[in-house]
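Enquirer: As a plain string of letters, each chain reads:
6 protein chains.
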Amino acid sequence: MSVTVCRKAHFNAAHRLCNPGWDDAENEKTFGVCSNPNYHGHNYDLIVKVTGEVNPGTGFVIDMNILKGIIEETIIKRYDHKNLNVDVEDFKNTNPTAENIAVAIWNLLRAKIDENLGLKIVLYETERNFVEYAGE
Amino acid sequence: MSVTVCRKAHFNAAHRLCNPGWDDAENEKTFGVCSNPNYHGHNYDLIVKVTGEVNPGTGFVIDMNILKGIIEETIIKRYDHKNLNVDVEDFKNTNPTAENIAVAIWNLLRAKIDENLGLKIVLYETERNFVEYAGE
Amino acid sequence: MSVTVCRKAHFNAAHRLCNPGWDDAENEKTFGVCSNPNYHGHNYDLIVKVTGEVNPGTGFVIDMNILKGIIEETIIKRYDHKNLNVDVEDFKNTNPTAENIAVAIWNLLRAKIDENLGLKIVLYETERNFVEYAGE
Amino acid sequence: MSVTVCRKAHFNAAHRLCNPGWDDAENEKTFGVCSNPNYHGHNYDLIVKVTGEVNPGTGFVIDMNILKGIIEETIIKRYDHKNLNVDVEDFKNTNPTAENIAVAIWNLLRAKIDENLGLKIVLYETERNFVEYAGE
Amino acid sequence: MSVTVCRKAHFNAAHRLCNPGWDDAENEKTFGVCSNPNYHGHNYDLIVKVTGEVNPGTGFVIDMNILKGIIEETIIKRYDHKNLNVDVEDFKNTNPTAENIAVAIWNLLRAKIDENLGLKIVLYETERNFVEYAGE
Amino acid sequence: MSVTVCRKAHFNAAHRLCNPGWDDAENEKTFGVCSNPNYHGHNYDLIVKVTGEVNPGTGFVIDMNILKGIIEETIIKRYDHKNLNVDVEDFKNTNPTAENIAVAIWNLLRAKIDENLGLKIVLYETERNFVEYAGE
Chain A
8 MSVTVCRKAH FNAAHRLCNP GWDDAENEKT FGVCSNPNYH GHNYDLIVKV TGEVNPGTGF
68 VIDMNILKGI IEETIIKRYD HKNLNVDVED FKNTNPTAEN IAVAIWNLLR AKIDENLGLK
128 IVLYETERNF VEYAGE
Chain B
8 MSVTVCRKAH FNAAHRLCNP GWDDAENEKT FGVCSNPNYH GHNYDLIVKV TGEVNPGTGF
68 VIDMNILKGI IEETIIKRYD HKNLNVDVED FKNTNPTAEN IAVAIWNLLR AKIDENLGLK
128 IVLYETERNF VEYAGE
Chain C
8 MSVTVCRKAH FNAAHRLCNP GWDDAENEKT FGVCSNPNYH GHNYDLIVKV TGEVNPGTGF
68 VIDMNILKGI IEETIIKRYD HKNLNVDVED FKNTNPTAEN IAVAIWNLLR AKIDENLGLK
128 IVLYETERNF VEYAGE
Chain D
8 MSVTVCRKAH FNAAHRLCNP GWDDAENEKT FGVCSNPNYH GHNYDLIVKV TGEVNPGTGF
68 VIDMNILKGI IEETIIKRYD HKNLNVDVED FKNTNPTAEN IAVAIWNLLR AKIDENLGLK
128 IVLYETERNF VEYAGE
Chain E
8 MSVTVCRKAH FNAAHRLCNP GWDDAENEKT FGVCSNPNYH GHNYDLIVKV TGEVNPGTGF
68 VIDMNILKGI IEETIIKRYD HKNLNVDVED FKNTNPTAEN IAVAIWNLLR AKIDENLGLK
128 IVLYETERNF VEYAGE
Chain F
8 MSVTVCRKAH FNAAHRLCNP GWDDAENEKT FGVCSNPNYH GHNYDLIVKV TGEVNPGTGF
68 VIDMNILKGI IEETIIKRYD HKNLNVDVED FKNTNPTAEN IAVAIWNLLR AKIDENLGLK
128 IVLYETERNF VEYAGE
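Residue numbers (my numbering), protein chains in the order written: chain A, 8 to 143; chain B, 8 to 143; chain C, 8 to 143; chain D, 8 to 143; chain E, 8 to 143; chain F, 8 to 143.
Derived from the structure by calculation, the hints contain no laboratory data. Hints are supplied without guarantee of correctness; some may be wrong.
No copy labels: a pair is met if it fits in one copy or bridges any two.
For lysine-lysine, the following BS3-like pairs were computed, each having C-alpha atoms within a straight-line distance of at most 25 Å [said to hold, decoys possible]:
hint, residue 1, residue 2
1, Lys36, Lys119
2, Lys36, Lys127
3, Lys127, Lys15
4, Lys15, Lys84
5, Lys56, Lys99
6, Lys15, Lys56
Bear in mind the structure is a predicted one, so any value in this text is a computation, not a measurement.
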């Protein structure tokens, strides 16, 4: 009997789309206004989905407060009110597209969540643009 | 050609997290404020997802009004404006965590939906905490 | 130049509609399922609106973090994960309708917000039922 | 490493539920008010989900602006501010239920999206009624 | 002590923008795709706001269930699953713009709500386009 | 008969809270993480409210498409995918708090909207923090 529990969090960050290995003209051509060298930003909404058996004692797959704490310590402190390109090591050599941010978040959380539990994330860059990643 | 039709419903209920087999101290330690003996409550949002072939005559997997009626009769009348721990048989001996409520709802609906149709539910306890269950 | 700054918060609580001066039959007749003696509950969303001049140094009417702290200390600690009828002094002799909860919240906040600032609140009992109060 | 990117769009359209092969009485009996011969209408929300490998150069599964353009050209121009039964060829002989509209949209998009990429859509007829289709 | 209680409702309808006193060319020129002779449609969201003193017995400005019933009887039955231009008398000679629908709704409700109570409505044609009217 | 028509728009931007006349220590002390010298960012939602008489010919207070165009030309092109502190003249000497951005937007729009029409704006910095301004 496997249930998925989901927790929503958010962080506000600046970024620009930019392949660090490309010159300015190629970045501008590929990413347009998203490549503004002075950055723009987003309110990112993050949904973390954890799948597993329900513990018969607690009735929990994972205590939502523990999951909330893991997300806070692992992701929010690292990304919130930051410039993803400048302040965050994960994107020093990686373009902070929604796809790449989602993969980075999944890898960070995977290391903190019991390996018997499944993990999937949904990351909203805007209400209209979002990505899903399950480590596969 | 298999399509999933989804219907959203909601109910308002009181509950407290409490393993009926544990003493007060253990419940308080495990569940914190969620175990307040005087109860707290939620606006629960429920999404019911039914998967199957599209009927070539009606163009429906299942008539949304029939699905709405099944949810109303089976779940809303049972849970809405109730104290889940006190008024609802399903949680007399079961802790009404989101996980356990989702499993109870799925079991109640499974008995009313054609067995050729797939069934999955999503239950929101709050906008930030929700669970998914597909009977597996 | 007067700007209104708005901060959204929420709390989860149990309640029942019940005039403490009426007998059970009259409460049941007037409030129906909302008067269930075992309580039901809601996820309340609260919007606090503070109006005043923009401080030329900070660019703030009021620091949103200070406002957030006042709401947390004054309202959320008092109401969240509580049974409004049983646990909260404000409704010992007052029926916790959305109207009366809004008036109680406004009075509590009014005492903590600079008297030169205007104060209005919006309280959502559900997505479909909400009330507004400005102390007038 | 497979990521799903999702793009939300919307269109406003009139329709009526009606099997063109049935007489009025049978349509009325089966579809009730939804079969009003003078039509009613909806704000449809469409989510298009595209799954594939992340391009190491761009960091994209698919450029969201290209995906937005495909949806605009293929779906929105075809369905927005239209009467689905009268103006749109896809429903000349097909009842425009949410299920059938979803299948039609999926087929139209499938022809425009690289065959190496997975495709799934979610179509909201109202906030409470929506369908999912993945071409299976 | 005056509180405003708000109730949200919705209806789905077809319409076209069209001044019945103008010819087709002028309607097309002024209203563009919104004037499609075959109609398009919307999910309208309606918020009804009623302002007055809180009754000391009930704790209500107006019983939300009574308000819900008035909206259902007066507006939803009249407009839901209808073609506003064809089926609804209010727009036989009036262009069903959001502005004019709002005024019509306000007038219909004003006749049913106690004259000692204030009345304001908000009508959403889409999430991005909405109007407010208070009878002034 | 005065109706208010409302149009929602949005823009994504980077900013930092910083009084250009203060030193780093004072900015850091006053604005905390919001003063990160490398910037953070937001998805801003903007609601523009225009109040006036309904034109008896069109049924409009103002053509929503014209209002949409004014917002696009005047605000979105100026602020979207920009760094408010660096790229936008309005905040060269002004701290881009939500309050100050709202006042700047109102002033820009006021110059483009017929003076017989009332103007109010609502600016969401996040779902939980927003401001209202009506030029008074």
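Enquirer: Against this structure, judge whether each hint is valid.
Expert: Structure-based check of all given hints:
Taking the shortest alpha-carbon separations for Lys36 and Lys119, only the inter-copy value of 23 Å comes in at or below 25 Å, while the best intra-copy value is 39 Å. Neither within a single protomer nor between protomers do Lys36 and Lys127 lie at most 25 Å apart by alpha-carbon distance, with minima of 33 Å and 29 Å respectively. Taking identical chains as interchangeable, the C-alpha atoms of Lys127 and Lys15 lie at most 25 Å apart whether they share a chain (12 Å) or sit on different chains (20 Å). When the C-alpha separation of Lys15 and Lys84 is checked against a cutoff of 25 Å, the pair qualifies both within a copy, at 15 Å, and between copies, at 22 Å.
Within a single copy, Lys56 and Lys99 get their C-alpha atoms no closer than 27 Å, and across copies no closer than 28 Å, so neither meets the 25 Å cut-off. In this assembly of identical chains, the alpha carbons of Lys15 and Lys56 lie at most 25 Å apart whether taken from the same copy (9 Å) or from different copies (20 Å).
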